[in-house]
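Given chain D, work out where chains C, W and F with the ligands should sit, using these hints.
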Amino acid sequence: MTFIAKPKVAHPSLPKNVLGLTRRQYEGALSTLCAGCGHDSITAAIVEACWELALQPQDVVKLSGIGCSSKTTAYFVSGGHGFNSVHGRMPSIATGANAANRKLHFIGVSGDGDTLSIGLGQFCHAIRRNLNMLYIIENNGVYGLTKGQFSASADVGTKAKKGETNFQPPIDPVLLAMTLGASFVGRSFSGDKQQLVPLIKAGLKHNGFALIDVLSPCVTFNDHEGSTKSYAYTREHYEPAIHTDFIPLEREITANYAEGATLPVVMHDGTRILLRKLDADYDPTQRAAAAAHIQERMRHGEYLTGLLHVDEKTQHEFHELNATPDEPLNTMPYEKLSPGSKGLAKILSRYR
Amino acid sequence: MTFIAKPKVAHPSLPKNVLGLTRRQYEGALSTLCAGCGHDSITAAIVEACWELALQPQDVVKLSGIGCSSKTTAYFVSGGHGFNSVHGRMPSIATGANAANRKLHFIGVSGDGDTLSIGLGQFCHAIRRNLNMLYIIENNGVYGLTKGQFSASADVGTKAKKGETNFQPPIDPVLLAMTLGASFVGRSFSGDKQQLVPLIKAGLKHNGFALIDVLSPCVTFNDHEGSTKSYAYTREHYEPAIHTDFIPLEREITANYAEGATLPVVMHDGTRILLRKLDADYDPTQRAAAAAHIQERMRHGEYLTGLLHVDEKTQHEFHELNATPDEPLNTMPYEKLSPGSKGLAKILSRYR
Amino acid sequence: MSSPRINDFAIKIATVNGTGSASANSLLMKSIFRSGIPVMGKNYFPSNIQGLPTWYEIRVSKDAYVARSGRVDIMVAMNAETYARDVKEVAPGGYLIYDSTWPRPALLKREDITVIGVPLARLCNENFNGVRTRILMKNICYAGVLAALLDLDAERIRELLAETYARKPQLVESNMKAIQLGYDYAREHFECPLPLRVQPLDRTAGHIMIDGNTAAALGCMFAGATVAAWYPITPSTSVMDAFKSFCDRSRVDPQTGRKNFAFIQAEDELAAIGMVIGAAWNGARSFTATSGPGISLMNEFLGLAYYAEVPAVVFDIQRVGPSTGMPTRTQQCDVMECAYASHGDTRHVCLYPSNPEECFYMAAQAFDLAERLQTPVLILSDLDIGMNDWMCRDLQWDDGYRPDRGKVLGAAQIEQLERFYRYLDRDGDGVAARTLPGVHPKGAYFARGSGHSQYGTYTEDSTEYQIVVDRLMRKWDTAKKLVPKPVVDGAAGSDVGIVSFGSCDGAVREAMDVLAASGVKVDYMRVRAFPFGQEVERFLADHERVFVVEQNRDAQLRSLLTLETAVEKSKLRSLLHYSGLPISSSFIVEGVLAEVSPRPQEQKRDAAHG
Amino acid sequence: MSSPRINDFAIKIATVNGTGSASANSLLMKSIFRSGIPVMGKNYFPSNIQGLPTWYEIRVSKDAYVARSGRVDIMVAMNAETYARDVKEVAPGGYLIYDSTWPRPALLKREDITVIGVPLARLCNENFNGVRTRILMKNICYAGVLAALLDLDAERIRELLAETYARKPQLVESNMKAIQLGYDYAREHFECPLPLRVQPLDRTAGHIMIDGNTAAALGCMFAGATVAAWYPITPSTSVMDAFKSFCDRSRVDPQTGRKNFAFIQAEDELAAIGMVIGAAWNGARSFTATSGPGISLMNEFLGLAYYAEVPAVVFDIQRVGPSTGMPTRTQQCDVMECAYASHGDTRHVCLYPSNPEECFYMAAQAFDLAERLQTPVLILSDLDIGMNDWMCRDLQWDDGYRPDRGKVLGAAQIEQLERFYRYLDRDGDGVAARTLPGVHPKGAYFARGSGHSQYGTYTEDSTEYQIVVDRLMRKWDTAKKLVPKPVVDGAAGSDVGIVSFGSCDGAVREAMDVLAASGVKVDYMRVRAFPFGQEVERFLADHERVFVVEQNRDAQLRSLLTLETAVEKSKLRSLLHYSGLPISSSFIVEGVLAEVSPRPQEQKRDAAHG
Ligand SMILES: Cc1ncc(C[n+]2csc(CCOP(=O)(O)OP(=O)(O)O)c2C)c(N)n1
Ligand SMILES: Cc1ncc(C[n+]2csc(CCOP(=O)(O)OP(=O)(O)O)c2C)c(N)n1
Ligand code: SF4
Ligand code: SF4
Ligand SMILES: [Mg+2]
Ligand SMILES: [Mg+2]
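Protein chains in written order, with my numbering: chain D, 1 to 352; chain C, 1 to 352; chain W, 1 to 610; chain F, 1 to 610.
So that you can see chain D by itself, here it is in the shape it has in the complex (with noise of 0.2 Å):
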């Protein structure tokens, strides 16, 4: 039994998606976060894509951990369930999520310090277990919560807003997941909404572990001259290589792609991605060399963006390598789960 939110009032005239929503719907709490801070634009992005996906509302699981990042669950689909863990852990709270009902739509928000130091570990072993969920990383480089400290996405020779430079190699979540097996990674700018939404529209229909790493400068502490996280910076050196277009199931994929130019994606429900290469001598569906040719850009200063890997076909997603059954495990009835007393006698019959 499953029901349609109730429209909160809304002028009439607001667009509504086929369950009859409008965009005000898939809204959440105000923002608490700093004007102009990029978090808030993937906010609205994630608002976007859901709406036009026209997810069920309560279907929708916002999981996070802790840092300025993880707060933007509360701001989104407010008729989902969303849970603020604790700092770096997200990925197993999901997990378990996960693991107990499948039929969801689950959404991790991070941060880069939530994910790449406290959470490295659980991020990582999440990708291997290749958990069906959207894990999107609000990247800015820094601590922003607690101030500005470098994290360990900060680019060597970037400056911090109090003059420190830092000298340690970047951990890059992108090469990271890519070289774990993960099976969708991309990466964007929360300046780039055409950009982010239909990464993240794919994302969701993904059937799998999908990563989305999305610069997300932090206004406060890190949009200053010498960081190259900033919206100046990131503008300059961010490149686009795949282009990906969403195509919804109602929709006919027409003609007037060039032919080999693009690449078709098939999703688990049939949905389609169309891929176009931005970038010549990128092949998204070559992880190896993709990610060779990744680093040789960033050695030149250049960051590729877009749907950089994508494998539907060959990965299994965490309920299939369970096998476990397709109806959710938390309302599977007892009937099901217990061999009664006289299961227990033919056991016990082993211990005398």
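Read the hints as simulated data drawn from the structure, not as lab findings. A hint or two may mislead.
Said to hold, decoys possible - Partial selection, computed: residues in chain D whose CB lies under 7 Å from chain F:
no. : residue
1   : 32
2   : 34
3   : 117
4   : 118
5   : 146
6   : 149
7   : 220
8   : 231
For each residue, glycine too, the CB sits at the ideal point set by N, CA and C.
What follows is chains C, W and F with the ligands alone, placed relative to chain D:
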């Protein structure tokens, strides 16, 4: 003031190194591991390497986590301090110990469980800090000490002793380390002492984090038919890609190496290693390409071994990054550390 | 030579681990058990895989005493490395059996015991081929020797072997052959049976031999747990192994092969408890099993579950601490850590099973409590209960049982609400209703470990914060009424009482009999859960002097009683056993007599806790 | 209108964080301080970076009372969002200052207070350009208004501005202009000064204004700490920031630029404490700073350090729990967690500073204790001490001080030894000598968290294990003699006592004066360390009724006293303040009077802990 360890009553005819010490004096307590355990062969290789390099026993610091592998630090160089810490957290102990006295040789021994599951985060961050230590993973694909569960390095399709098959993709420490920019990455096999000893010597001389992933079969829980980490399987599928020769300071490089085919690498203290390609299209100096090549071969069931990547130049070791002095911090005279009462008075003036 | 002692003696077998003595020992155990004679077996094994000393103790007790007796009547010394101390341990008048292939006169000069030499190695070398086989058979062989000396029924042994190796008949023969070798040799060379011997009884009908971890796993399956997440650690691992194999048998759809449970080997204990919390928050019954180090690592998450009010079931199979400690030895040393785990004002419901039977029932109970109270429930077992073979009554299951999910609102209920407030106490019992994702948009709420009001909103307001944490104390009072009550034996009507818990129970009950025999009568309360209810208060109030018996150095149960009941600690005397071996009745008897008899008071280790 | 109250009132300023009010507030604070008048400032800020309500409380107290007074005489209501409650909070007869650019008659109908409207926004909009500047200046402007109303010396303010913006002279002008605007407007429109006003005194000479985290960092530098490893967490972060900036100034070789300290931002708290332990094991003085969640994550490692006997210094700057709780509010809620952190039988030395001055001295002391006792020492400060500005006596340093490294054997000493045994107690004080790597091969030993004998060898033997853990209890007794003694004020010679610790101190001492004035005399003991020594025992023994004052829900100090001293808990009454705001003297006064006066006994929250 340093000492040369007093020779234990040793057979006079036993060969001695330049310190006048015999191999015996680099040994440790009796192993309590299973007869035939790969780990014991690695212990022997470490003994050999330390003896050949004539390290002062008391300058060797042995660090480990928990596991059969982690126990082995008690089995070599009894003249050096050892710290068998807690499961998966050895890298942080090593970081602190190294920070306190950079003059010692730090040898960390860990297992695939200790490093790739519970310890994954600390492992990755030790690499990022380029901590000056030799880090050996005694990799057997299982948790030995807890009786044979799959570890995160278990290959897809490998069978457990009880018959269960693993479907989760493995985490490969070599690829992981290369992705994270490790400056010294090797892979070897406990059964190949010829390859292992020079690798360990080079790793000990490397100025930074030296990782050696050593396949080390668990005869009790993972040496059966169907296991991809058995002695038999390993012998078949492990392919030396690079031959490493360690050249002590005193020895001149003899010319009888075909030019081009060999690449000399000068270590921090002037000693040299010579790398000879066994796999023509493999270049250990091109990190990204090398990683791609390793993966390519993996897909065909071949695991390249040897010193797969080394970068003695561009990377900065932990203490360089922190600009700490050459003399150890743990013996820094107090006068150099406290500004005294006068200094205090000056400081306080800012708080009136 | 002492007069016959029927069905009342202890055998200790010293071997080397990884040499297959385990099967010989369980063979002996079961054949005694099937003869209707109460028997107990305890395994003292090293924290390594192969080649170190290991001991197995079998206590035959017509009175069904399950504790370590603290005396060894027959020692089977199969390990040269430990001969010396093994010989020492034999009680005067006892017997020593050793492998006389290599005679050891030097080691064996004790006049007060009978030495029985059997050339086990020679016998096996003559009759079997292959090094490994010979070693294994040597260990089966001593079982044959004991069978003869104790007068065990050879037929029963064959029958047991047949069951054990149902799939490998050839092994039945070789094993039986080894048994026979020992059996015949003993009959030929010694007068059998010994005065110490077994004689069939009828005291084991309606009982089983099972270890606590297996029983706990059964309880989890019957409770309807569907998500199990864990990280391997001795001695808890077998809880999960057993759960998996039970579910692989009972929970797999024969058609589809789909498994009605998720079994997740986590990357560490932080992840394991996180998965349990995530699953429980999303409505699945989930649990994990670990030991001390794992509990330490779960501290942060346990605080989150307490404050965000998420159910969770955690088994702590205690081992010797601190730190890595002695992983294969037993203690009750995580009592305080579990009761107050995590920073800030936190407190957790704990259950204290005393044997495998109770592990089974309490496992099921734990899930009901966790969901009714929406909080973590920790079950404190230990290595002795969890990994040793205990004789206990047949486990029963009421087919009328249905999981108590507590206050979980369904779609219809949510629909009727004006608005849903997650942390609002509508019933005055301190428990607020919760909702699950995917059910109804109006039921959505935001769970968090940061400050929140009773309406579920984020807060930094003092009053709003206090309303919630004060309600948690009301919920705690509710818990006192719901948790299992203590087991009280007030028969003696004495003003002296013993309070204990968990695996001490057997030793305490045996000690009470011994004390009674020597004219000292005491009452007994076995605490079964934290928080403590009225019954606990009453027992403490009703006794002038109370001995608190527990297996740790720091008097942790006594501490908990001191803090969480009205008792004045001056009347609580500690008897602390923390050697790593299971507590014996004699330790308790001596401890009590030292104070209750006219003898001068001994200083016990707990002085520091005054 | 009340008669003049000189140098004795409280101002509260309500603004929005990230709008620069901080500088205005410290400007006011310092100018009062420099007028020789004791003053205290407390900041109640949100756990976010910008745009949420924040309050700053300034207490002017000729009697040098440092606690929250619990009353607001002047409210500067700059935040429309919180007007309503801010207005409520003003004490009858008090004053409300607000921005009358937008008059709010509705909100302001309180007859019993004087409302002072100043068109701050208008003034600034007319005189400054740029949105951001105008917002910032508005906040400086109210400082000018207060200067006029309170009769602050304008010259002193200019001088302070000059110091603050030494590097940005233009800012001095603009700020001074804003000050002047407010100052002049107030003088024109209201009769200045108010009856509540400041008058220069000479009570601040020889004192400084400093926060506890800065002072603690200073202590670490002077103690010779060389390795600092940490993971950022509010409210502890400034300990590390301060340590770094102090060392960057005092520890960098001018020639080489080399730094005589290692400052490591760890990947999390598990790594941070691991680094500290690794460094200390290798002979460097090392420390970390964290808060509750970090302590939870350090549990496993703290147990290792306790059992392997490795020194470690850990600052716990406590905040409101459980879980993430309220990161920017204060509590004393990690007392039990720190005392017994980790599974198994573990216990840790804890220090309880009560103000920044003590943070400085105890920081240094902690390193000496940790090395002498070879065990972790935890310093429990809190957000109130750590992040607020406290007036305290000048810090002193004895140039004769040299670090007490405890029993660390040098090469020569080792050379003389027949053999070195790491865990052998040669002196009977429970402390065994240790060695450092790289010194002498004969000094080598193997540190481990698994079972070990006094000779440092691995063991699973009961006796060998117990010898070591029993010695640890002897070491614990030694610790009792070494830790700081309590501060006892027995002047009253009363049979009623107050026991408290840490940041409660100011409130308690003020409360004692108030109580004395109303005829109730009480003695006072401020506990400064765990374990508790004789002096603590004596005070508890000497008083019939003892109020334990602390800032947590679960009476954690009372619990520790109950467990670790001879006191019967029945005489310990709890006064528990856990709102997240610093405890006020009035709370204590009421709590005591409720029981000591004939009034009917009030039920306090601690009933549950009876
Ligand atoms: C166990 C623990 N350690 C430390 C903290 C303090 N803390 C809160 S958020 C955070 C880092 C946040 O950085 P990031 O994940 O990048 O999020 P951002 O604020 O930059 O969006 C830290 C260290 C905590 N809450 N819990
Ligand atoms: C916190 C904690 N969790 C679990 C354990 C139990 N444990 C000991 S060793 C080990 C795994 C060892 O595997 P690996 O590192 O591969 O070493 P191996 O025995 O295979 O050489 C585990 C899970 C522990 N000691 N501590
Ligand atoms: S501090 Fe940075 S990350 Fe945090 S809300 Fe402000 S801008 Fe965003
Ligand atoms: S169990 Fe495996 S890893 Fe452990 S000692 Fe035996 S063979 Fe080696
Ligand atoms: Mg960040
Ligand atoms: Mg392993």
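Item checked: Hints that the structure is at odds with (numbers, increasing) -> Structure breaks hint 8 only.
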